[in-house]
Amino acid sequence: MAVILYHKKLSDGFFLLKAEAHARVFPGQFYMLRAWGDCPVLSRPVSVYDADGDGVTFLYKVVGKGTRIISKLKPGDDITLQGPYGNGFFDVLGDASGSIAMVGGGVGIAPFYYTAKKLKIKYPKVSVDMYLGFSGTPLLLDAFGRVSDNLVTDVGGYITDKIAPEKYGQILTCGPQAMMRALYQKCKTAGVSEKLYVSLENRMACGIGTCLVCSCRTTDGNKKTCADGPVFKGEAVFSL
Amino acid sequence: MNMEVNFSGARFKNPVALASGTCGFGRELNKIIDLSRLGGISTKGLTLNRRDGNDGIRIWETEGGIMNSVGLENPGVKGFIDNELTFVRSLDTVGIVNLGGHSIDDYLEGIKLLNDVRLDILELNISCPNLKQGGMSFGVKTEIAREIVRKSRALCKHTLVVKLSPNAEDITALARMCEDEGADGVSLVNTFLALAIDINAKKPVFQNIYAGLSGPAIKPIALRMVHQVARAVKIPVMGMGGISNAGDAIEFIMAGASVIQVGTASFIDPSRPIEIVGGIEKYLSDNKIGDIREITGIV
Ligand SMILES: Cc1cc2nc3c(=O)[nH]c(=O)nc-3n(C[C@H](O)[C@H](O)[C@H](O)COP(=O)(O)OP(=O)(O)OC[C@H]3O[C@@H](n4cnc5c(N)ncnc54)[C@H](O)[C@@H]3O)c2cc1C
Ligand SMILES: Cc1cc2nc3c(=O)[nH]c(=O)nc-3n(C[C@H](O)[C@H](O)[C@H](O)COP(=O)(O)O)c2cc1C
Ligand code: FES
Numbered sequence: 000m001a002v003i004l005y006h007k008k009l010s011d012g013f014f015l016l017k018a019e020a021h022a023r024v025f026p027g028q029f030y031m032l033r034a035w036g037d038c039p040v041l042s043r044p045v046s047v048y049d050a051d052g053d054g055v056t057f058l059y060k061v062v063g064k065g066t067r068i069i070s071k072l073k074p075g076d077d078i079t080l081q082g083p084y085g086n087g088f089f090d091v092l093g094d095a096s097g098s099i100a101m102v103g104g105g106v107g108i109a110p111f112y113y114t115a116k117k118l119k120i121k122y123p124k125v126s127v128d129m130y131l132g133f134s135g136t137p138l139l140l141d142a143f144g145r146v147s148d149n150l151v152t153d154v155g156g157y158i159t160d161k162i163a164p165e166k167y168g169q170i171l172t173c174g175p176q177a178m179m180r181a182l183y184q185k186c187k188t189a190g191v192s193e194k195l196y197v198s199l200e201n202r203m204a205c206g207i208g209t210c211l212v213c214s215c216r217t218t219d220g221n222k223k224t225c226a227d228g229p230v231f232k233g234e235a236v237f238s239l
Numbered sequence: 000m001n002m003e004v005n006f007s008g009a010r011f012k013n014p015v016a017l018a019s020g021t022c023g024f025g026r027e028l029n030k031i032i033d034l035s036r037l038g039g040i041s042t043k044g045l046t047l048n049r050r051d052g053n054d055g056i057r058i059w060e061t062e063g064g065i066m067n068s069v070g071l072e073n074p075g076v077k078g079f080i081d082n083e084l085t086f087v088r089s090l091d092t093v094g095i096v097n098l099g100g101h102s103i104d105d106y107l108e109g110i111k112l113l114n115d116v117r118l119d120i121l122e123l124n125i126s127c128p129n130l131k132q133g134g135m136s137f138g139v140k141t142e143i144a145r146e147i148v149r150k151s152r153a154l155c156k157h158t159l160v161v162k163l164s165p166n167a168e169d170i171t172a173l174a175r176m177c178e179d180e181g182a183d184g185v186s187l188v189n190t191f192l193a194l195a196i197d198i199n200a201k202k203p204v205f206q207n208i209y210a211g212l213s214g215p216a217i218k219p220i221a222l223r224m225v226h227q228v229a230r231a232v233k234i235p236v237m238g239m240g241g242i243s244n245a246g247d248a249i250e251f252i253m254a255g256a257s258v259i260q261v262g263t264a265s266f267i268d269p270s271r272p273i274e275i276v277g278g279i280e281k282y283l284s285d286n287k288i289g290d291i292r293e294i295t296g297i298v
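Residue numbers (numbering that gives the first Met the number 0), protein chains in the order written: chain A, 0 to 239; chain B, 0 to 298.
Everything labelled a hint here was simulated from the structure, so no lab data went into it.
Watch out, some of these pointers could steer you wrong.
Which chain A residues face chain B? A few, computed with CB under 7 angstroms, are given here [to be verified]:
no.: 1; residue: 38
no.: 2; residue: 40
no.: 3; residue: 207
no.: 4; residue: 208
no.: 5; residue: 210
no.: 6; residue: 212
no.: 7; residue: 217
no.: 8; residue: 219
This one's a predicted model, so the numbers in the text were calculated from it and none came from an experiment.
Where is the CB? At the ideal position from N, CA and C, for every residue including glycine.
Please put together the full structure from these sequences, using the hints given.
What follows is the structure in structure tokens.
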């Protein structure tokens with residue numbers, strides 16, 4: 000059980016929730032969240048938006064039963080956090096240098112605040128261009144502005160239209176499958192598809208690698224999105 | 000207080016085991032909970048050859064349950080023996096190896112390979128689709144299942160437990176057949192065949208159309224089936240289906256299960272199976288019952 004330290008409604012059903020946690024968290028990892036008894040049966044996977052000495056913050060969107068229950072919680076209430084789970088971006092990236100693009104769509108922007116923040120600390124010379132696509136009101140632009148060198152946003156269109164992939168040493172993306180696939184195609188056309196890293200959002204049950212409901216097909220055989228991912232090389236999942 | 004159960008020669012330190020497919024081969028869970036505190040663990044269902052499993056969505060939440068369509072993704076019997084068996088055997092708990100198949104030859108070849116290794120129990124999963132019968136599960140019709148059980152029994156050197164499908168036409172007849180053919184025990188229930196439809200896409204949610212329902216929603220029906228089967232046979236019974244707490248587990252034990260398995264509830268909380276062990280102990284001590292066997296099958 001973790002105590003909720005902060006909970007704020009942003010807009011369009013988006014919330015920021017901070018809960019007490021002291022684990023070491025890597026960018027791109029996620030927690031399994033629940034704030035109810037045995038039903039709904041499954042806990043909900045949510046990426047780390049930020050983490051510091053006091054706790055971990057999530058940016059989530061209310062879409063169904065579970066997130067609706069979570070959205071009703073108040074500071075001081077308890078929430079169950081299991082995690083942090085998954086590999087995260089740094090595991091897959093290797094060393095970073097030059098210019099890095101982060102391309103998030105919808106609530107897929109969530110992992111990039113902490114990723115950019117940590118990347119800047121680890122590699123001070125790296126520059127980060129943040130591309131955020133929204134369907135409604137843009138969110139957290141101040142925060143994302145603080146951790147990036149350039150912030151490009153799009154509302155209602157295709158954020159992938161605004162990026163020139165060949166400019167970057169590495170491109171990280173998270174968001175709707177169609178957006179990530181479009182970005183992969185664009186990278187491929189530009190001849191730089193090996194620079195793309197994707198964070199997948201497959202449905203999960205255990206979150207730790209025991210049940211195989213989150214398997215994804217990759218060029219290297221089946222992988223567990225929860226334990227081997229959620230971050231994979233774009234080519235490994237989209238070139239099939 | 001005695002929690003130990005002798006299940007056809009396999010000694011469970013307590014009657015709580017993990018159900019196949021919900022705990023992999025124990026590696027990941029063993030980092031989170033101490034598996035040696037459990038009675039046993041049933042591995043992910045193996046097939047003779049490795050399988051990549053089903054395409055499309057594999058999990059769907061329902062009211063009080065989940066539907067899954069993993070499609071028996073597994074490393075194959077050889078892959079298991081080479082890479083997982085040593086770990087499963089290193090756990091201080093009864094190792095149950097779950098084996099499925101899509102033809103009788105699949106089962107028999109798998110059993111042959113497993114005959115050469117040490118394991119505690121072979122759990123024969125007869126809920127798999129039979130490719131020769133248009134995909135109908137082997138475990139639906141007693142006479143079709145009989146052939147597999149008979150041939151498996153003749154070949155298998157291990158303690159053989161047949162895992163029954165709740166989709167069977169007559170589950171007590173199926174259990175009696177297993178007893179007649181020499182099985183050392185039966186386990187039940189596997190998942191209930193179920194359907195979910197995406198009304199916006201006007202299509203089934205799952206690529207395979209039907210998927211298996213498990214979790215709290217199935218518990219009362221599973222409990223009834225365990226009760227009926229336990230009354231119909233003399234061989235011991237492992238009960239499962241929606242067990243989520245010690246009270247549920249005790250119900251299954253009272254209905255006649257010597258050992259119970261916990262599946263879906265591990266997704267609610269991976270420590271739940273260990274909490275269930277503690278809860279059963281507390282029940283026995285609160286009620287001044289010295290031995291778990293005193294309540295087995297009392298209802
Ligand atoms: C690794 C990972 C990271 C994620 N990070 C975030 C994040 O930072 N912020 C955020 O808002 N959302 C994130 N999601 C999506 C989030 O898990 C779902 O929106 C959430 O589970 C929906 O739950 P619900 O009860 O509100 O919806 P319901 O539709 O009632 O959920 C029913 C079932 O479907 C699953 N489900 C529904 N939608 C999704 C989805 N898009 N992805 C995965 N499972 C889904 C639920 O987990 C649940 O098991 C992430 C998903 C994954 C896999
Ligand atoms: C994700 C998942 C995978 C499963 N895989 C198998 C399997 O490989 N072999 C098998 O015999 N049963 C399998 N089962 C069935 C369970 O072992 C168990 O019989 C069933 O889920 C009912 O118990 P429960 O309600 O406690 O989960 C699986 C169940 C789930 C939820
Ligand atoms: S969610 Fe269970 S293996 Fe990934």
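Hint by hint, here is what the structure shows:
1. 38: At about 5 angstroms, which falls below the 7 angstroms cut-off, the nearest Cβ of chain B leaves the hint on residue 38 (chain A) intact, so it holds.
2. 40: With a closest approach of 5 angstroms, the residue 40 (chain A) hint holds.
3. 207: Holds. Min distance 5 angstroms.
4. 208: holds (4 angstroms)
5. 210: holds (6 angstroms)
6. 212: Holds, about 4 angstroms.
7. 217: violated (11 angstroms)
8. 219: Violated, about 12 angstroms.
Checked against the numbered hints given earlier, the structure breaks hints 7 and 8 and satisfies all the rest.
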